[in-house]
Amino acid sequence: MYNLIIKDILVQKKSLLFALGYCFFLVFAFQSLEGVTPIAASTVVVYFLIQNSFAYEDKNKSEIIINSLPISRKEIVLAKYLSIFVYIGLAIVAYMIATLTVKVVRVPVKVEFPDLKDVTITLLLVSLMNSIYMPIIFRIGYLKAKIFNMVMFLLFFFIPMGVASLYENPKYSAGISDITGIISSFSDWQIAALLAAISLMLLFFSYSISLGIYKNREF
Amino acid sequence: MENILEVTRLKKSFKDFTLKDISFALPRGYIMGFIGPNGAGKSTTIKLIMNLLKKDGGQIKVFDKDHIKYEKEIKNRIGFVYDENHFYEELTTREMKSVIAPFYESWDDKTFDRYMKHFKLSTNKKIKELSKGMKMKYSLAMALSHNPELLIMDEPTSGLDPIVRSELLDILGDLIQDENKSVFFSTHITSDLDKVADFVTFIHDGSIILSATKDDILDNYGIVKGGMDLLNDQTQKVFIGIRKNNYGFEGLVDDRKKARNLFRDNIVIDKPSLEDIMVYTVRGDQHV
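Residue numbers (my numbering), protein chains in the order written: chain A, 1 to 219; chain B, 1 to 288.
For reference, chain A alone in the conformation it holds in the complex (with noise of 0.2 angstroms):
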């Protein structure tokens, strides 16, 4: 099973430079705005490394080479589950050489450095879309799914900013202060460890459900 982990690096070499580019691009780019930079780098790198490793997979038709060989769909099905982690962690790393980068050449812009919060985040939007998407790319494919992966994708974004400007809205403002009230009052690893059990938990259902798709899936 980690075969077709290292094999779905493998296949990405070329990307993975890319993501770092992207990166570097971000940390100029998101100049502007606080906080966020660390997490918007990481959720788009493993979003793109993971639909770029399916899509590879599409586009050679591989999935057939795959489950010719002697491992189980379970297995195949576990390797992309478990291959978040993976980009995650390779995704921060990328992040955190791009601002050392820019800092130790003394570049002359604000850099954020990733701290608990942003892994914390990250983990959670990373798995909640890819609880929802990897079902649908086992199901129909990845093709098929990249529509909807956009849209969901972009939604991503948009809701976030849709909550943000609830919050400077006085009808709605003392509720959401209510709430981050409550948040406030736990230590950020209690935060932290709630954030990535609900992550964990999404993923294993969401993982049930690709599992139950994938045994039947033809090819």
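You may find that some hints are simply not true.
In silico DSS-like cross-links for lysine-lysine, where the CA-CA straight-line distance does not exceed 30 angstroms [what the hints assert, rightly or not]:
#1 B:K128 <-> A:K144
#2 B:K125 <-> B:K110
#3 A:K59 <-> B:K54
Simulated from the structure, these hints should not be mistaken for laboratory data.
For chain A, the structure is supplied; the task is to place chain B on it using the hints.
Below, chain B alone, put in the same frame as chain A:
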């Protein structure tokens, strides 16, 4: 004789095609050619054996074991080659090898290197840079490097030039010198079978028309030629397929002796080629 591959009453329905209760068996140590026209059900059968498609009924046994219950174990001992190359085009032949190799318990790099050398394939070329013939040879090297006991190939010779094709067939012949191994391959090019097949299974429109040793088939089937006056509703029944023109008829029978008894010395019986058998069977009754 132990069967390495045994298909019994295999069923699969699609919207526009049905595989109807097909059965055949391949003993260990032999090559079986699986022939039939395009769309006859060859790829469907192979995909069912590999569990890429889910069967609706029947049984498939490989190495005397159920192909789904023991899927992983079986696939460890099978080599596969498909008509199209489904490897990652961007990778080099060596990179792709390192992707596939770890999946097999008994992968042998020495065997792989030997085949690559034998086929004159470069290890640092990207797969997309290989010609069709080279891709086929590469697929074969990949399929054989874990020392499989059963090699399953779907249309491996289609689209290849005659030289590569004959090279490929030679390798199959070499492979079964080791009497432990078998090859099951589909093709619509009947001359491939004339050269290497021990057994021939002929599928048409989702049904098995015949499955027997090539020698039996060629000994029993016959092309019968004679004058039109010999044909009536009764005698016409012995023919699987028949072609008529103003001067006479030419037809395929599956029992030469019967035809001889029926028509006595009024006919000429020729040995058919596998192509004759395929064409007459598929086209049936035809008038020129």
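key: Distance restraint between K59 (chain A) and K54 (chain B), which requires alpha-carbon spacing of 30 angstroms or less   = 23 angstroms, holds
key: Distance restraint between K128 (chain B) and K144 (chain A), which requires alpha-carbon spacing of 30 angstroms or less   = 25 angstroms, holds
ask   = For the pair supplied as a hint, K125 (chain B) and K110 (chain B), is the alpha-carbon distance within the 30 angstroms limit?
value = It holds: about 19 angstroms lies between the C-alpha atoms, which stays within 30 angstroms.
Of the numbered hints listed earlier, not one is contradicted by the structure.
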